[in-house]
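*Asks:* Going down the list, the sequences are from chains A and B.
Heads up: the first sequence begins at 7 in this note's numbering, then just goes up one per residue.
Heads up: the second sequence begins at 7 in this note's numbering, then just goes up one per residue.
Mixed in with the good hints there might be a few duds.
If chains are identical, the list can't say which one is meant, so a pair holds when it fits in one copy or spans any two.
Straight-line Cα separation of at most 20 Å, DMTMM-like style, residue types lysine to aspartate or glutamate; simulated pairs [what the hints assert, rightly or not]:
1) 171 <-> 35
2) 45 <-> 35
3) 210 <-> 27
4) 171 <-> 78
Think of the hints as simulated: they come from the structure by calculation, not from any bench.
All of these numbers come straight from a predicted model, not from anything done at the bench.
2 protein chains.
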Amino acid sequence: MPLRLDSKAAGFAADFTALVDARREADEDVSRDVSAILKAVRAHGDTALADYTSRFDHHDLDVSGWAVDPADCRAALDGLSTPLRDALELAAARITAYHEKQRPVDSDGIDAAGVRLGARWTAVDAAGLYVPGGRAAYPSSLLMNVIPAKVAGVQRIAMVTPTPKGEINPLVLAAAQIAGIEEIWRVGGAQAVAALAYGTDRIKPVDVITGPGNAWVAEAKRQLYGVVGIDMVAGPSEIVVVADGQNDADWIAADLLSQSEHDPTSQSILFTDDAAFADAVEQAVMRRLPLLSTQAVATTSWAANGAIILVRDLDEAMPLVDRLAPEHLELAVDDPDRYFAQVRHAGSVFLGRMTPEAVGDYVAGPNHVLPTGRRARFSSGLSVLDFMKRTSFLGLTPDAIQAIGPAAVALAEAEGLPAHAASVALRL
Amino acid sequence: MPLRLDSKAAGFAADFTALVDARREADEDVSRDVSAILKAVRAHGDTALADYTSRFDHHDLDVSGWAVDPADCRAALDGLSTPLRDALELAAARITAYHEKQRPVDSDGIDAAGVRLGARWTAVDAAGLYVPGGRAAYPSSLLMNVIPAKVAGVQRIAMVTPTPKGEINPLVLAAAQIAGIEEIWRVGGAQAVAALAYGTDRIKPVDVITGPGNAWVAEAKRQLYGVVGIDMVAGPSEIVVVADGQNDADWIAADLLSQSEHDPTSQSILFTDDAAFADAVEQAVMRRLPLLSTQAVATTSWAANGAIILVRDLDEAMPLVDRLAPEHLELAVDDPDRYFAQVRHAGSVFLGRMTPEAVGDYVAGPNHVLPTGRRARFSSGLSVLDFMKRTSFLGLTPDAIQAIGPAAVALAEAEGLPAHAASVALRL
Numbered sequence: 007m008p009l010r011l012d013s014k015a016a017g018f019a020a021d022f023t024a025l026v027d028a029r030r031e032a033d034e035d036v037s038r039d040v041s042a043i044l045k046a047v048r049a050h051g052d053t054a055l056a057d058y059t060s061r062f063d064h065h066d067l068d069v070s071g072w073a074v075d076p077a078d079c080r081a082a083l084d085g086l087s088t089p090l091r092d093a094l095e096l097a098a099a100r101i102t103a104y105h106e107k108q109r110p111v112d113s114d115g116i117d118a119a120g121v122r123l124g125a126r127w128t129a130v131d132a133a134g135l136y137v138p139g140g141r142a143a144y145p146s147s148l149l150m151n152v153i154p155a156k157v158a159g160v161q162r163i164a165m166v167t168p169t170p171k172g173e174i175n176p177l178v179l180a181a182a183q184i185a186g187i188e189e190i191w192r193v194g195g196a197q198a199v200a201a202l203a204y205g206t207d208r209i210k211p212v213d214v215i216t217g218p219g220n221a222w223v224a225e226a227k228r229q230l231y232g233v234v235g236i237d238m239v240a241g242p243s244e245i246v247v248v249a250d251g252q253n254d255a256d257w258i259a260a261d262l263l264s265q266s267e268h269d270p271t272s273q274s275i276l277f278t279d280d281a282a283f284a285d286a287v288e289q290a291v292m293r294r295l296p297l298l299s300t301q302a303v304a305t306t307s308w309a310a311n312g313a314i315i316l317v318r319d320l321d322e323a324m325p326l327v328d329r330l331a332p333e334h335l336e337l338a339v340d341d342p343d344r345y346f347a348q349v350r351h352a353g354s355v356f357l358g359r360m361t362p363e364a365v366g367d368y369v370a371g372p373n374h375v376l377p378t379g380r381r382a383r384f385s386s387g388l389s390v391l392d393f394m395k396r397t398s399f400l401g402l403t404p405d406a407i408q409a410i411g412p413a414a415v416a417l418a419e420a421e422g423l424p425a426h427a428a429s430v431a432l433r434l
Numbered sequence: 007m008p009l010r011l012d013s014k015a016a017g018f019a020a021d022f023t024a025l026v027d028a029r030r031e032a033d034e035d036v037s038r039d040v041s042a043i044l045k046a047v048r049a050h051g052d053t054a055l056a057d058y059t060s061r062f063d064h065h066d067l068d069v070s071g072w073a074v075d076p077a078d079c080r081a082a083l084d085g086l087s088t089p090l091r092d093a094l095e096l097a098a099a100r101i102t103a104y105h106e107k108q109r110p111v112d113s114d115g116i117d118a119a120g121v122r123l124g125a126r127w128t129a130v131d132a133a134g135l136y137v138p139g140g141r142a143a144y145p146s147s148l149l150m151n152v153i154p155a156k157v158a159g160v161q162r163i164a165m166v167t168p169t170p171k172g173e174i175n176p177l178v179l180a181a182a183q184i185a186g187i188e189e190i191w192r193v194g195g196a197q198a199v200a201a202l203a204y205g206t207d208r209i210k211p212v213d214v215i216t217g218p219g220n221a222w223v224a225e226a227k228r229q230l231y232g233v234v235g236i237d238m239v240a241g242p243s244e245i246v247v248v249a250d251g252q253n254d255a256d257w258i259a260a261d262l263l264s265q266s267e268h269d270p271t272s273q274s275i276l277f278t279d280d281a282a283f284a285d286a287v288e289q290a291v292m293r294r295l296p297l298l299s300t301q302a303v304a305t306t307s308w309a310a311n312g313a314i315i316l317v318r319d320l321d322e323a324m325p326l327v328d329r330l331a332p333e334h335l336e337l338a339v340d341d342p343d344r345y346f347a348q349v350r351h352a353g354s355v356f357l358g359r360m361t362p363e364a365v366g367d368y369v370a371g372p373n374h375v376l377p378t379g380r381r382a383r384f385s386s387g388l389s390v391l392d393f394m395k396r397t398s399f400l401g402l403t404p405d406a407i408q409a410i411g412p413a414a415v416a417l418a419e420a421e422g423l424p425a426h427a428a429s430v431a432l433r434l
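Okay, chain A solo, but in the shape it has when bound (with noise of 0.2 Å):
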């Protein structure tokens, strides 16, 4: 049964902060694992990637190919049936049109000191992007990560995936030929995200690593922070929906199971202000697990982090929303504007009825890699910024230095150091 939880009730205040504060990330303590696996492939490059490889994933990197067959990719993708090629095609281009309003403008310009001052944006030379083997290997995720470094610019591309004894999605394949990804290692884990970063004789190293990943990839991730750049520490996924009571209680039923259905730590939380419709909700949610193919994973998720929350009026959820700092957060209202004023704290926001959150997993166009865990209160989803940087720039005229320079003399020799207060007195 999900928590249920009354705003009017004694001790709600209590009970909604530990819901805030609950923790469903794991604790697996896989640091020092991760660390073991870092070091050998920094010194043993391949040698070390094919010994983890018959280790982990059951197969012999020099009998199955290092790399995936580009051919494979095109064979994958003539061997969808339409609506399915459709459907990824429509989703790349909503997803490419989208992320080409996020490049950034460069700026030049002269100020009243007669100080050129400016910023100039270049894309990264390399990103490596990490697609899970197994169940999660989403199609959807692999355009979510490549599209973005696509209109940044990025030339090169390095996709890592484990192919558990040699198998491999042929989606995924085929969603990487219509991203247009030309370079596949068959490698996972650490292992695999240790070779993007530090480079091995075969895979040549990249600048950002992106892309979900079990345990030890997040770790992996995480340790290797400053050797590269890395899209966010990402934790299980979770949806807040806050509807009235004019909505269809099937819908809302079917939109918390959309995430519940992914992870058994997902999290789905239901705001309403009317219990006959919370009831329903309840009650139509039971109704739909048995239909579902992930009704065990459902049903685990929906147990033990399902939410069902009354408030007074929806204006009382959002300051409540805000503490929770959602990755998903469906609006599920007539006038979606008035509480989207009230938002401060939510990876994605999905604006009215018609609005329902799985439409942004895969063709709305914004990108599905959002904050999870309340990271949203200081972060963003995934962007064409992650696979930028921006370059400061200044040029000072001898009358520009006069102006500015001898500020610069004073807070150096303040600070203690001559020789940069040296090398502006010497040009006034």
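Here the structure of chain A is known, so what remains is to put chain B in place on it, guided by the hints.
*Replies:* Just chain B now, with coordinates in the frame of chain A:
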């Protein structure tokens, strides 16, 4: 003696690669100590803070006071000489003006399929600023960290700084007053970073932590990345100067020494196409070193990490500079734009003979918190964006979901996620 290389010499490629790969960062393994400190502060809060402060900073917070009295900041500012106060205020005004142009623009529109799509930027609620005690307590760094947060619209800024034996640098307090910081805690080290991230009874938690610090502080930030946002992992600072023979050797020597004097691990590298000028600079460095109060540090750094590289022409230098991806790059030539156009990786670029790097440290306007250790390949200087996050949003009409919903259903079914499919299909 600094390293001397000549691009025409046999073995240059290998020698330059060794220079690129040389690690100047300390290998101090403080991760276990830091991990223990973080756990203690998380569990015991202010009690742990007081214990560590007594042990490491040798004062009793209950006696010396936990927080700096705002009156002390006002008094410190009032105590400054007029030129120094004017210099700090000019710096603050120019840094503010530059960073105001970094404020991102929101988007909101409806595309051809009738889908409303947009992105909204908001500031984090609270930022924490680490300010070192002792030698590296620089008022300029305080301004460079606080002003982007203020421009972003951050409502609460909490500063922490160690006050060994209770002492604090009045210049730092004056800068805090100019920057409008009202919350300053007399704690430092990994324990202060932990307090900012987790919160204690006295210190409320923040969302982002920035600011320089020693190996313990840097490791604490690294371990807490994900609990909070942080600025980049910072290493020793560095400058690359590209100069033809038409420069004053004394000016360029001062520029090189302005990095060398920071720390024994700092690095200064000159590229020039003029062998006589290279010699003149080396001699000028030797002449200037004894004049510096920072002579000991600068001499060590220049001998251990300095380099003068003779190239056939300055165009040859540019791909080499890109491999170094320097924090600071001076282009001391008549036509700096010609060379700047060839730069892909640099934190900040200083254009022309009249633009010493030190002017950017203090008063030019761009941020002096910049990526070091080749991290300009994938990261940028501190900016307003580090204190903001982006919420994407979308809204569908009944027509819009008819247009793009079926593709989402097809993809959800292919990925084996039936509740995702149902949440869209029910609305079609």
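*Asks:* All hints, please: hold or fail.
*Replies:* Comparing the hints with the structure gives:
1. 171 <-> 35: Neither, since 27 Å and 38 Å both go past 20 Å.
2. 45 <-> 35: both (17 Å within a copy, 15 Å between copies)
3. 210 <-> 27: between (41 Å within a copy, 15 Å between copies)
4. 171 <-> 78: within (17 Å within a copy, 68 Å between copies)
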